[in-house]
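Reminder that position 307 of the sequence shown reads as 307 in UniProt numbering, one-by-one numbering, no gaps.
Everything labelled a hint here was simulated from the structure, so no lab data went into it.
Predicted model, so just to flag it, every value in this text is computed and none were measured.
Yeah, the Cβ is synthetic: ideal placement off N, Cα and C, and Gly gets one too.
Take these hints with a grain of salt, some might be off.
Label pairs and their computed distance ranges (CB to CB) [claimed, not checked]:
1) P297 to G235: 27 to 37 Å
2) R259 to P166: 22 to 32 Å
3) E13 to R165: 37 to 47 Å
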Amino acid sequence: MRSEPFGTTRAGEHVTRYTLVRDDLRVQVIDYGAIVTTIEVPDREGRRANVVLALDTVEGYETVSPHFGAIAGRYANRIAKGRFTLDGPPFELPINEPPNSMHGGPEGFAKRLWQVAEADHTRVVLRRRSPDGEEGFPGNLDVEVVYSLPEPGTLRIDYRAETDRPTVLNLTNHSYFNLAGEGTGDVMDHVVQIVADAYAPTDATQIPTGIIAPVAGTPLDFREPTPLGARIRQGHEQVVIAGGYDHTFALGDPAGTLRPAASCFCPASGRRLDVATTQPALQLYSGNNLDGSLVGPSGRTYRSGDGVCFETQGFPDAPNHPNLPSTILRPGEVFTSISTYRFSVG
1 MRSEPFGTTR AGEHVTRYTL VRDDLRVQVI DYGAIVTTIE VPDREGRRAN VVLALDTVEG
61 YETVSPHFGA IAGRYANRIA KGRFTLDGPP FELPINEPPN SMHGGPEGFA KRLWQVAEAD
121 HTRVVLRRRS PDGEEGFPGN LDVEVVYSLP EPGTLRIDYR AETDRPTVLN LTNHSYFNLA
181 GEGTGDVMDH VVQIVADAYA PTDATQIPTG IIAPVAGTPL DFREPTPLGA RIRQGHEQVV
241 IAGGYDHTFA LGDPAGTLRP AASCFCPASG RRLDVATTQP ALQLYSGNNL DGSLVGPSGR
301 TYRSGDGVCF ETQGFPDAPN HPNLPSTILR PGEVFTSIST YRFSVG
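Start from the sequences and build out the full structure, keeping to the hints where you can.
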């Protein structure tokens, strides 16, 4: 296992980058935000490239990063108007995507230094305690994220959390994938399949209405392999609201079972990604808000559509929708989830 300095935060914290390697797969993680900065795999010709969007400096991740590769929490995705009620009292969260709270607040888990508990050449264990009241959330929350390479071509992420007070929890990794290689342009030609018959429609502020609707007959129907850009400009209300895809899909089979969730294939490179998860939902995000202001390690700017996210998670705003799968965690309970990202060529 190789580790090396990655820079220093504005608060003077030293950030370290860890490199995991197994056969043709190389993954790099920093302890700031538990961020995945590199997933390097070969294409069909054996040429290697980093297939996730990234930044070169800690300063970039602190100030301008749109959650590139980070762990989003304490509550990934949105909570309406930054408010929820749990066992009586209401809780107020920072509004960082008006009028809603997004990804746990202005700092969340993505802009915090994590502690590395263990590390070797195929595994790194990161932990942090989120104190009671952090970003408005109740309870001292102990979180562990494990990145590992259990077999050739596979990155596995294990999540674990415990609390001393009832709280809400939604964790995901927010990597943006470009299977042609970061900085090569948009991913609209990537062929996507999602194992979901239904999705969660939203209102104009991208908060779920509480209805779970069929994908059939909409541009959100990815049950068969479909180029990401094939229907993105059809003018469907849900896609217009988000400026592209930024939607939660209800995955089939019971949550808690590790089962296929999505796949993505790049015709140009031959690289393929298969995502599996124990989580009940998957957020498809087509990088709509990338505006050309960020420059990646390749030296090229990132524009709208230059990466696609497959965020395995619970449902957004679930604390305000009793009909959605619960994201409540209570003392004595242990939250666990697993997501895998398997890379191959075809």
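| query | So which hints don't hold here, by number, going up? | reply | Failing hint: just 3.
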